[in-house]
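The whole structure should be built from the sequences, with the hints applied where relevant.
Residue numbers for the first sequence follow numbering that gives the first Met the number 0, so the first one is 0 and each next one is one higher.
FRET-style restraints, in silico, Cβ to Cβ:
1. Gly-39 - Glu-7: 11 to 21 Å
2. Glu-8 - Ala-86: 29 to 39 Å
3. Pro-88 - Asp-6: 37 to 47 Å
4. Gly-23 - Ala-53: 16 to 26 Å
5. Leu-79 - Gly-52: 12 to 22 Å
6. Gly-52 - Pro-21: 16 to 26 Å
7. Ala-87 - Gly-36: 27 to 37 Å
8. Asp-63 - Ala-22: 13 to 23 Å
9. Glu-11 - Pro-40: 16 to 26 Å
10. Arg-76 - Arg-37: 24 to 34 Å
11. Arg-41 - Glu-7: 10 to 20 Å
12. Pro-40 - Glu-18: 12 to 22 Å
13. Gly-39 - Ala-15: 14 to 24 Å
14. Glu-8 - Gly-72: 31 to 41 Å
To be clear, the hints were calculated from the coordinates, so they are not data collected in a lab.
Yeah, the Cβ is synthetic: ideal placement off N, Cα and C, and Gly gets one too.
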Amino acid sequence: MAARVMDEEYVEQVLALVERVPAGRVTTYGALADEVGRGGPRLVGRVMSLHGGAVPWWRVVRADGRPAECHDGEAVRRLLEEDVPFAAPGRVDLRRAGWWTPD
DNA sequence: CGGATGACGACAC
DNA sequence: GGTGTCGCCATCC
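Structure (structure tokens):
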């Protein structure tokens, strides 16, 4: 066991980064994978699907600025309450909301 | 061991 | 800017 790359260490790293994202800002799966330096966007998505309930998963969106298709309506509602800038209905403006992006 | 799947991403048209 | 296709990485069948 523990031979899987999805070790708790990887999960904790991803969740820690998501929790570090302030309200009103968002991050992407690819950015998280890049920050962790391991796996890929698919891995981050898998971690979120398994342990996303323990972190503000709605602050994690796709590279195109659209939340996960699973709960997009729920995510948009949450982001709207946090004053997250939208570039279009259902599409977040990563240019301003991107947490990794310099202001 | 090979094929299919998934809370994704980048590129081509 | 929307749609279609391929690639990535790990897991499941």
